[in-house]
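Protein sequences appear in the order of chains A and B.
Residue 1 is where the first sequence starts when you use this note's numbering, and the numbers rise one by one after that.
Residue 1001 is where the second sequence starts when you use this note's numbering, and the numbers rise one by one after that.
Everything labelled a hint here was simulated from the structure, so no lab data went into it.
Predicted model only: the values in this text are computed from it and were never measured.
Cβ atoms here follow ideal geometry from the backbone N, Cα and C, with glycine treated the same way.
Don't take every hint at face value.
[As the list claims (entries may be wrong)] Facing chain A, a subset of chain B residues (Cβ under 8 angstroms, in silico): (1) Gly1021; (2) Phe1134; (3) Met1148; (4) Ala1151; (5) Phe1157; (6) Val1198; (7) Ala1199; (8) Ser1247; (9) Ala1248; (10) Pro1251.
[Said to hold, decoys possible] Dumping the calculated SDA-like pairs for lysine to any residue here, alpha-carbon to alpha-carbon at most 20 angstroms: (11) A/Lys48 / B/Phe1197; (12) A/Lys6 / A/Lys62; (13) A/Lys109 / B/His1155; (14) A/Lys48 / B/Lys1243; (15) A/Lys57 / A/Phe42; (16) B/Lys1243 / A/Tyr4; (17) A/Lys48 / B/Asp1117; (18) A/Lys6 / B/Thr1123; (19) A/Lys107 / B/Phe1197; (20) B/Lys1243 / A/Leu45; (21) A/Lys77 / B/Glu1122; (22) B/Lys1243 / A/Pro96; (23) B/Lys1243 / A/Pro47; (24) A/Lys62 / A/Val119; (25) B/Lys1118 / A/Gly78; (26) B/Lys1118 / A/Phe76; (27) A/Lys131 / B/Gly1132; (28) A/Lys91 / A/Gln64; (29) A/Lys48 / B/Lys1118; (30) B/Lys1019 / B/Ile1210; (31) A/Lys77 / B/Asp1117; (32) A/Lys10 / B/Gly1132; (33) A/Lys107 / B/Gln1193; (34) B/Lys1301 / B/Tyr1256; (35) A/Lys48 / B/Gln1193; (36) A/Lys48 / B/Lys1301; (37) B/Lys1243 / A/Ser43; (38) B/Lys1118 / A/His72; (39) A/Lys77 / B/Gly1116; (40) A/Lys91 / B/Pro1251.
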Amino acid sequence: MSNYLKPLPKIDERNRAHWDGAREGRLMMQACDHCAALRYPFSSLCPKCQSTGSSWKEVSGKGQVWSWCVFHRVYFKGFEGEMPYNVVLVKLDEGPRIYSNIIGVDKDKLRIGMRVRAVFDQATDDVTLVKFEEDKS
Amino acid sequence: MPDQSLRNRAAVIGVGTTKFGRLPGNDTYDLGAWALREALDDCGLKASDIDGVIVNRIPDYQRFCEAFGLNPRYALMTPGQGRMSGATIELAAMAIAAGMAKTIALVYGNDGRSAGDKYGGETDRYGSGGAGQFFPYGMTSPGAVHAMMFACHMHQFGTTSAQLAAVSVAFRKHAALNPNAVMRKRVTVEDHQESTFVAAPLHILDYCLINDGGVALILTSAERARDAKKPPVYIRGFSQATKLEESALPPEDYWYGPMQAAAKDVYEMAGVKHEDLDALMIYDNFSPTVLFSLEGFGFCKQGEGGDWMQGGRLELGGQFPTNTSGGHLSESYMQGWALNAEAVRQLRGECGERQVKDARLIQYMCAAPLMTSIIYGSDAT
């Protein structure tokens, strides 16, 4: 998979558990050790209580489309072959909103409130991305 | 609210703008210096009369002052984000009231077009600079953030892209009357609807125009302003609010809550109501920002902006002529600075074919994670 041309996440100690989880098919989110609030983007400080300790918690991967857009302009060369492509902001049932892509839904069928569930899309040997598909259950 | 005693304490006495467009060979220092020379000419002052300088988007205040030959008592620089234009003007008004400087030059230079700025992709540092975490999913650019916000507005309130077109149509109509505007060909709602998508639901005609240019404003105290070459334009009220928590993601309320707070403060400080305003200058990085601002500052109820903007309400001759220069969508993306210059020129009656008749009060507003508003007046009442 060395021909993967899209941007890859910069994996470091602050986010490694999320990406390790994705490789195992689990959606791991950062939780404050003090107030239990989940936070995204990942950061060293809890914006709700300013505590520094955090742990990684597996969440259901279920949520709904909070908003969407469809890119018709190439900002990253790696996406050139699949224009136009969607980006969604998913509101997880556990609270946080995360950016991702919806797989298997036509761009004209994207709608706010659509129920979705996480799917795990292997990008390279080291990186698996967390994407979503429509949850019809 | 800022102390009421600050009302009309500072005034703009000089404005300068460069040409806008593709100006190769000019870096931000050159463009800022060009604008400042124009502003000094405009008010009849010499460089040695300036005792305060704040540069914006120009990377180094020291190098700018060295090159221009300035030794101000007070110098500062602010980050090159559009939301900082209003914040910088407000700071200058406060610095003058506090006696930190008597006459402050605010100098902005932008070489974004020649530098190839795209506001998306690997160099995207929008907002908190945290955008890089979203690149693996292809998420980038402030335009896409605003596209997502507009998609929410469409879903929540039934607003349509065709309604939003009223913004692009009005501003282009104004640009057609502005010799310094970059895009002057009139457009229709159909043109807007048929224009290519960048980040759908936004079309290219919903996007600002990245260009090269510079703007300078010269401010002084109201007392000194009375001796200036041209009639002073008073800073009658100003306010600021933020929504920075969770600002790596779009706000859940289109910044409505903090804008309502900023609105209350600015109208109270200025002693002005909506119906007193002769024109509006609204930060238009993307056309939805205009819609969100009109709702946030209370010109209409939240959710009704799509309808409210119809019928030429924002056009010259309408109830609230807005961005009479063409704004960022059609004149040039000068990150709020040129809109403030336009407010001054309108209040002086210098706008030729696009002049708002007898303009006395104009409000600038900018909706972003840090939002500002300034009300300018042609007299110090």
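message: Tell me the numbers of any earlier hints that the structure contravenes, in ascending order.
response: 1, 5, 8, 10, 11, 12, 16, 17, 29, 35, 36
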